[in-house]
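Colleague: Put chain L on the given structure of chain A with help from the hints.
There are 2 protein chains.
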Amino acid sequence: MLSKTLMDEIIWPAFQNPILGEFHDGAKLQVTGRIAFTTDSYVVKPLFFPGGNIGKLSICGTVNDLAMTGAIPRYISAGVIIEEGFKGEELKTIVESMRKTADAAGVTIVTGDTKVVGKGQADGIFINTAGIGEIIADFAPKNVRPGMKVIISGAIGDHAAVIMAGRHRLELPPEIVSDCAPLCDLMQKLAAAAPHTAVMRDPTRGGVAAVLNEIATAAEVGIVIDEEALPIHPPVQGVCDILGLDPLYLANEGKLVAFVPKDEAEQALNALKAHELGREAAIIGETIAESAGRVALKTAIGGLRVVDMPMGNLVPRIC
Amino acid sequence: MLSKTLMDEIIWPAFQNPILGEFHDGAKLQVTGRIAFTTDSYVVKPLFFPGGNIGKLSICGTVNDLAMTGAIPRYISAGVIIEEGFKGEELKTIVESMRKTADAAGVTIVTGDTKVVGKGQADGIFINTAGIGEIIADFAPKNVRPGMKVIISGAIGDHAAVIMAGRHRLELPPEIVSDCAPLCDLMQKLAAAAPHTAVMRDPTRGGVAAVLNEIATAAEVGIVIDEEALPIHPPVQGVCDILGLDPLYLANEGKLVAFVPKDEAEQALNALKAHELGREAAIIGETIAESAGRVALKTAIGGLRVVDMPMGNLVPRIC
Chain A
1 MLSKTLMDEI IWPAFQNPIL GEFHDGAKLQ VTGRIAFTTD SYVVKPLFFP
51 GGNIGKLSIC GTVNDLAMTG AIPRYISAGV IIEEGFKGEE LKTIVESMRK
101 TADAAGVTIV TGDTKVVGKG QADGIFINTA GIGEIIADFA PKNVRPGMKV
151 IISGAIGDHA AVIMAGRHRL ELPPEIVSDC APLCDLMQKL AAAAPHTAVM
201 RDPTRGGVAA VLNEIATAAE VGIVIDEEAL PIHPPVQGVC DILGLDPLYL
251 ANEGKLVAFV PKDEAEQALN ALKAHELGRE AAIIGETIAE SAGRVALKTA
301 IGGLRVVDMP MGNLVPRIC
Chain L
1 MLSKTLMDEI IWPAFQNPIL GEFHDGAKLQ VTGRIAFTTD SYVVKPLFFP
51 GGNIGKLSIC GTVNDLAMTG AIPRYISAGV IIEEGFKGEE LKTIVESMRK
101 TADAAGVTIV TGDTKVVGKG QADGIFINTA GIGEIIADFA PKNVRPGMKV
151 IISGAIGDHA AVIMAGRHRL ELPPEIVSDC APLCDLMQKL AAAAPHTAVM
201 RDPTRGGVAA VLNEIATAAE VGIVIDEEAL PIHPPVQGVC DILGLDPLYL
251 ANEGKLVAFV PKDEAEQALN ALKAHELGRE AAIIGETIAE SAGRVALKTA
301 IGGLRVVDMP MGNLVPRIC
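Going line by line, the protein sequences match chains A and L.
Under our numbering, the residues of the first sequence are numbered 1 to 319, in order.
Under our numbering, the residues of the second sequence are numbered 1 to 319, in order.
Treat the hints as calculated values from the structure; they're not laboratory data.
Where hints are given, some of them may not hold.
[Unchecked claim] When the alpha-carbon atoms are kept at most 25 Å apart in a straight line, the in silico BS3-like pairs for lysine-lysine are as follows:
#1 K45/L to K87/A
#2 K262/L to K298/L
#3 K87/A to K119/L
#4 K262/L to K119/A
#5 K45/L to K119/A
#6 K87/L to K119/L
#7 K142/A to K262/A
#8 K119/L to K92/L
#9 K119/A to K142/A
#10 K119/L to K45/A
#11 K45/A to K298/L
#12 K142/L to K189/L
#13 K262/A to K298/A
#14 K142/L to K119/A
[What the hints assert, rightly or not] Some chain A residues flagged as far from chain L (calculated, every beta-carbon gap over 10 Å):
#15 R169
#16 D241
#17 P261
Glycine included, every Cβ here is placed at the ideal spot set by N, Cα and C.
Pulled out of the complex, with its shape left as it was, chain A reads as follows (with noise of 0.2 Å):
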C-alpha cells in the first residue's frame, strides 16, 4: 500500500503534531467565534523554484487567502494527489517546506490526505490545502469609499516572472525570486496601524489588475493607479519586455494590496515598511467617485490607460 507507506514514512512524522497525532478520520479543534474557511489546489510547475516551491506554495497561498479575509490562520489541511514515480527525496523536501512555512505563520496541519495515481495520471504532485481561522477584522469590498488610498505591500510580479524565467530558461539575478511568504502577519501589523482598512486581497493570479477590478466593480468606486508609483524590480521588467507580459497581470504569492482612508495611509505605510514584508511598499493610486467599476492607469507620460480585467490566456499553473 504505498500510499500509507507514503504516509507513514514521510508525511506524518514532518507534519507531526498532538491533534494530528489522533490519527482519526478528522480533527477535533477548539475555535471561538467567527471563523474563515478557504481552499486552493497547487499545480504549479516546475515543482522547485528560486524562493520556493509547491510545499512552501500550498501553505502560503491558503494562509494569505484567511488574511486577507481578516482572519488570523490557525489550522491547515493537507490533501497530497502524488503521480506514481515520484522521488521520495522531492516528497521529503516539499512536506518539510509545508511543515516549515505552516510554523512559521503560526498554523498547524491538522488533517491530512494522500492519494497514489498511476505514471501518467498526474504531474508528479498536485496539493490542495483548506484553512480555517479566526475572523479579526471585518474587511469587505463594500467598505470602500471614494477617496480611499490603495498601497501595495511590494514590488509586484516576482513570483510570476521566477516561474516564466524558469520554463523559457531567462537568466534573473540571484536576488530575483518567489515572493512566496505568509502575510498574516503583515496583515495584523497593517490592521492594527490603519484600523479603518476597508479590504486587503493578494494579488495571486491574475495579479493586480484583477484585485483592481474585483475591488472597483464590488465597491462600484473607480481606482486610479500611478504608474510611475508602482514597485518592479527591474529585472521583473525585463522579463516582462522579452515575454511580452504586463506586470500589473502577473501573480504575486507574498504581497497585499490594502484599500485605506486617507488620513490612515502615512500610519500604514509605515506599518508596511517597518515589517521584512513590506520594506518596498508603495502607495499606488486612490479610490475615486467617478468611472466606478472602472480601473485606470496614470501613465509616465502622462496619459489614462484602461486597466481591464485580465482576459483569455492567463498564465497556466502558475501556483
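Modeller: Relative to chain A, chain L alone:
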C-alpha cells in the same frame, strides 16, 4: 482564462448560496463550540459508476469522515483540478451531483477553487473537499471496552465491487450499485438510540478489516467477527470470488461500523434498521479482553482466522 469561465459558467451556478456569493478569498462562517475538520482527495476511476460519480463521492466521503468524528457536517470546500479538454457536460453532471448530495446531507459548499492543467497532466478530474462540522458526540477508540458489540450498518463491499466489476467488464445485476451515501443522519439516529456508543468508523479504503484493526490497536482490545453474520450481497461475493478479493478489505462509501455497549446493541440495531441506509444492519461481532490488538474471524465451519491490517496492493483509485 479557461478556469474563470469554468467557474463562472458551470461551477458557481451549481453551488450558488449566499455565503459562496460573497466571492471573497474565503468564506466567513459562524460556528459554535468544538468543530471537526477533515479533508480527502478523490481520484476514483472511472469517474461515473453505477450509484454515483466522483462528485457525489467527494461530498459523501468528507461528510462521512465528519460524521464518524461525531460531528454534524456543516460546511464544505471544493478544490477541483481539471485536465484540459475535459467535457463541459460531464463537469456539469459532476458539480450538480455535488450540489444535490450536499443538499441531501445538509451541508453548504462555501468556498472553492478550480485549476486547469494541460492534456495528459491529470486524468480527467480530481476533486478535493474539506469539511467543517459541529461536534455533538465524543467518539474515540479509547472508549472501546471488552464486551462491546460490533455493528455494521449494511452489506459490505458494494462500492469497490461495482468499481472493480466496471474495470474488469464483469456483469453485476442492476440492483448492485455503489453504496455511496451521506451517513450524517444515520450517525445521529444511532447516537441517539445508543448514547454510549464508543466509536464509529466508515470502512472506506482498506474496508472493514482496516477499521477493525485500527480500533483493536488503538483501544487495546481483541475483536472477534462472525463470518456468518457479515452481510454481503451474493453478486458482490461473486465478484470477489472471480477476482480473488476478500470482501472484508473492500471499500465502502455508505456504511458505518459502530462499537456499542452490549445493553444498547439491540436498540442500536433497531435504529439502524429503521433507517433507509441501515436496513441490512447486523451485529457482526464483539470485543474481547484477550488478544489485544488482534482481529479474528470465526469462519462458517467453526475455525478462527486472523484478519490482518491490509498490506501491499490495495485497489488503486477506488475513491
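Colleague: Each of the hints needs a verdict: does it hold here or not?
Modeller: Verification of the supplied hints:
1. K45/L to K87/A: holds, 24 Å
2. K262/L to K298/L: Distance ~19 Å between K262/L and K298/L Cα, so the pair holds.
3. K87/A to K119/L: holds, 22 Å
4. K262/L to K119/A: violated, 48 Å
5. K45/L to K119/A: Satisfied, since the Cα-Cα distance of roughly 14 Å is no more than 25 Å.
6. K87/L to K119/L: holds, 12 Å
7. K142/A to K262/A: holds, 17 Å
8. K119/L to K92/L: Distance of about 19 Å is within 25 Å: holds.
9. K119/A to K142/A: violated, 47 Å
10. K119/L to K45/A: holds, 14 Å
11. K45/A to K298/L: Distance of about 52 Å is beyond 25 Å: violated.
12. K142/L to K189/L: holds, 22 Å
13. K262/A to K298/A: Given that 25 Å is the threshold and the Cα spacing comes to 19 Å, the pair holds.
14. K142/L to K119/A: With Cα atoms ~40 Å apart, K142/L and K119/A exceed 25 Å; violated.
15. R169: About 19 Å separates R169/A from the closest Cβ of chain L, which puts it past 10 Å; holds.
16. D241: holds, 23 Å
17. P261: About 21 Å separates P261/A from the closest Cβ of chain L, which puts it past 10 Å; holds.
The structure fails to meet hints 4, 9, 11 and 14 from the earlier list, while all remaining hints are met.
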